[in-house]
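Participant: Letter by letter, the chains look like this.
Number of protein chains: 2
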Amino acid sequence: MTTKKNRPEWVEKAPGPGTYRSITKYGDPNHFKHPSDAWVGMMQQEFHMSETDFSVRQHEGNEKVVLNRPPALKSEQIEKLADIVGKANVALDDYSRVKYASGKTTEEMLELRHGIIREVADVVVHPRDKQDVQKIVAYCDQEKIPVTVFAAGSSVNFGCRPAKGGVSLVISTHMNKLLEINELNQTARVQPGMYGPAYEDALNQAPEIFGSKLRYTCGHFPQSFEYSTVGGWVVTLGSGQASTYYGDAYDIVFSQEYVTPAGTFKTLDYPATATGPKINDIMKGSEGTFGILVEVTMKIFRFMPENRARFSFMYPTWEAAVNASREIMQSEFGKPAIYRISDPEETDRGLKLYGMPGFVDTFLSMRGFKPMQRCLCMGNVEGDRDYTKLVAGKIKNIASRYGAMSLGSYAMRKWEHTRYTEPYMREDLEDYGILIDTLEAAVTWDNLHRLHQGVRAFIKSRPDIMCMTHASHFYPQGTNLYFIFIIKMDDPDEFRKLHRGIVDSIMKNGGSLSHHHGVGRMIGPWMEKHLGKEQMAVLRALKRHFDPRNIMNPGGQLGLD
Amino acid sequence: MTTKKNRPEWVEKAPGPGTYRSITKYGDPNHFKHPSDAWVGMMQQEFHMSETDFSVRQHEGNEKVVLNRPPALKSEQIEKLADIVGKANVALDDYSRVKYASGKTTEEMLELRHGIIREVADVVVHPRDKQDVQKIVAYCDQEKIPVTVFAAGSSVNFGCRPAKGGVSLVISTHMNKLLEINELNQTARVQPGMYGPAYEDALNQAPEIFGSKLRYTCGHFPQSFEYSTVGGWVVTLGSGQASTYYGDAYDIVFSQEYVTPAGTFKTLDYPATATGPKINDIMKGSEGTFGILVEVTMKIFRFMPENRARFSFMYPTWEAAVNASREIMQSEFGKPAIYRISDPEETDRGLKLYGMPGFVDTFLSMRGFKPMQRCLCMGNVEGDRDYTKLVAGKIKNIASRYGAMSLGSYAMRKWEHTRYTEPYMREDLEDYGILIDTLEAAVTWDNLHRLHQGVRAFIKSRPDIMCMTHASHFYPQGTNLYFIFIIKMDDPDEFRKLHRGIVDSIMKNGGSLSHHHGVGRMIGPWMEKHLGKEQMAVLRALKRHFDPRNIMNPGGQLGLD
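These protein sequences, in sequence, are chains A and B. Numbering that gives the first Met the number 0 puts the first residue of the first sequence at 0, with every later residue one more than the last. Numbering that gives the first Met the number 0 puts the first residue of the second sequence at 0, with every later residue one more than the last.
For reference, chain A alone in the conformation it holds in the complex (with noise of 0.2 Å):
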């Protein structure tokens, strides 16, 4: 194990301005979550690092960005775009290029590093409103020009990779208010680039800035919540970390007002109808691909965090966590919002990063919580208070059940300061060649361990990685299994070639291929594969009705072409 004289150099410096480690660094330029002396020991140790290895840092990207590749689109169109929204809002430099095409796969971190940079747009525009959306919208229509939508870049599957350059449309920059709370509907209309926290910000301060009576939430707080946008959450179909209880971005849209090629329309406010095939649900999870969402109404929920329950158990088992989840799903006395079970090598990992004691360890092997058996279980309630206090009630009853051990809140309280900010050592790791990457599909619960198992054998057949699992999002029907992998590696195209076989694994093994992070380019290819040549065709012909020629995110995206 390292200790305290041997940590690590970690860059504690923001990225200087230009380079491509501003555009590779997760979030705030100007903060850091270094890894622990843990961390490092667990390292040194799974990959046979020694000291030396932690002693110079490789491939920062601490060189300026350099496209070289002049802007293929004519002056002319240059030009009226710039009439459309004003000549500040258009960018042509090289790193404005990069930026606005990079979202936050480790593959394109670990080639922007290496100063690789794929396919990017010819210009950077940014729309001031929606009829900026339109009148680009439009005259892209009719000269043939690619436009690829960019909010807030933290995508991880190329899904703000112009691939067939054009026009990135920077929809964060300006479009980014809450219009609107209406306290009888219990709704918010929102413009799409508007960053989480400030959406939750004025949610929660409604009262202050709407002068509405009572205190709201978005209800949804996906692991990039600090810099991801309403906007992108809808066309993404991303989910929260409370989805179990709030619903995943799909469940919680009211109402959308969408610009494409075909004519700019907003679906109806109604809580439920039954005209027909719902074109509000049609466009969610369109990625950009039938037209650009300029406006979203989301359904808000009340703000009471003083009524949260929190609650942790270890399980003696993956089976035992797994069943007992199970059964709080399925028992109808409610749902928890936050609830995660971590799988032996995830739960293991943690409790040694976290700095668990060395008696801890042996009074819970002592207990029958055996290392590489027991799983860690935490997560809250939210709502009402009696509500709160009975489905955590019932949870710890059915826990204790299934031969769980309470741990009480502490452990979950432990993972509310570090559920938005494990990304930030994402950097430091890489500094020393060590990559860090996720998959996840959604599961039914009768295929939850050949899914599990599957895959984990597929990585870990591979020697020298890492590889821990959590479901993180619940259902009666099912759950999600999300994947981590940790290895030292350095070369894109084989970390590609093992991250693609996960992937392929996941099909193989019976996973969906996305439960929340969307397609875009990088699992598109599976798409026909994963969903039939026929529910292939059906997403053709919505993307042929609302984009003729083709000119919305176009170059693989959702596998369409």
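Incorrect hints may appear among the rest.
Only pairs whose alpha carbons sit at most 27 Å apart, straight line, appear in this in silico DSS-like list of lysine-lysine [as the list claims (entries may be wrong)]: (1) Lys163/A x Lys532/A; (2) Lys528/A x Lys129/B; (3) Lys86/B x Lys265/A; (4) Lys129/A x Lys528/B; (5) Lys73/A x Lys86/A; (6) Lys395/A x Lys532/B; (7) Lys532/A x Lys129/B; (8) Lys212/A x Lys129/B; (9) Lys507/A x Lys528/A; (10) Lys176/B x Lys395/A; (11) Lys532/A x Lys163/B; (12) Lys134/A x Lys73/A; (13) Lys532/A x Lys265/B; (14) Lys79/B x Lys163/B; (15) Lys388/A x Lys79/B; (16) Lys265/A x Lys528/B; (17) Lys134/B x Lys86/B; (18) Lys532/B x Lys129/A; (19) Lys507/B x Lys265/A; (20) Lys388/A x Lys395/B; (21) Lys265/A x Lys351/A; (22) Lys532/A x Lys134/B; (23) Lys79/B x Lys528/A; (24) Lys388/A x Lys212/A; (25) Lys532/B x Lys143/A; (26) Lys163/A x Lys496/A; (27) Lys86/B x Lys163/B; (28) Lys176/A x Lys129/A; (29) Lys134/A x Lys532/B; (30) Lys413/A x Lys369/A; (31) Lys86/B x Lys528/A; (32) Lys507/A x Lys265/B; (33) Lys63/B x Lys134/A.
Since the hints were made in silico from the structure, they are not lab data.
Got chain A; can you put chain B on it based on the hints?
Facilitator: The following block gives chain B in isolation, referenced to the frame of chain A:
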């Protein structure tokens, strides 16, 4: 008021075989539910009817159905269809062609009683299985023969009227089995033609039939429960009386298999996915215009009737009932299953019809619950025992805060006995020239009063009409309004004009065209104006994809053609 001695002579005999009445009569041919003496008294008073008006039944529809329209299909086409399904599963007789062309609209009933027959199919075909359906669709697509699906025929919007002739495809004759219960996933795989009671009974008896550990319920109980099918619920977007807790049909579908001219496919079995727009949802509500639902996997729920908590309340005003209901739906302590509020006219007529003694009226009035102001609320809570207690208690607290008086569980128990049988009265009333019909709409909380007042004002602008309204499906964002109107009228054209005027009024006052009755051919003409041409174009694009030759339920369904 009428007394026992002059009670009208209600029909107490099953309709003769082959008669119009055997088609128009609701439900079990041998079951009757006659209007009470109070009902008759109310009709006499409202419609200025004398006892003589209740002495002669009119247009009873006891004549044999005569069509006199030879099938337009070629004999080799009919032979080919018979080759596919077997001769016994093909019918060309007048009666079958009319029966399987008819739904249960008041308008159709009135017309059939007058011997007016609208469009019928040339041939009635009863497929035995999915393979039959595939062959029929392929053949009809090749020959451009229209196909209109018929399941239980409870449509209230000409949804099963073969507007372009061709084939009536009767899905309920053979394709009506519960195929499998998956207890881990809590799902049931079922054929679409299975009727509500058979489905629910099988789920309740799952331990005996399928060897499951627990008993289950389908959670979907529309008023038409006894004469509607699982597939019908799904393709028309029905809602059950307990939808506030279990969800609408839309919500309880897990996956579906469809046969369309563009191919056969089954949507994937996942509790959630982020793999682009959800084909599983796109198909719901397609009302047979995209293809034919041949198998559906439904979410099921634990059957725990012993935990049910019933409640009923009297609110001093409609505003108080609405405000309390909104508070209940937004307070996040869980949801009631059945939950209904009646407006003042429905409340007062209901109290009279169910025989409230005069002293109760006096008592209520003295307590401030005045006639034509007070509003009845009733419902129940289902689920875990402690959950039902908690939710029922919370509802009681809120009701009390809004000035309501608890009436215990009596009204609810009384309602349960008649929950499926109200439509039986329609036949008796029509025998004496009285028509009863309903229209319904979804609405957000902020538009509820405008819709209620606007539609009521339109209906009441006509003399001698009763109009009762309730809300019976609740969401945090709003509810539905269900308008019941009763009038003495015999002319189909006059009735049509009134009925369509109410649809107009719903639309003008901002209600959805349908909350759970679907669209069919009746509401079709409003669809484009309601959704807007851009959204209607999306539905048409899907239609062209699935059914390029327009053979699936053509002729106005969903307003597509």
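Participant: Against the structure shown, which of the earlier numbered hints fail to hold, in ascending order?
Facilitator: When the structure is compared with the hints, numbers 3, 6, 8, 10, 11, 15, 21, 23, 31, 33 turn out to be violated.
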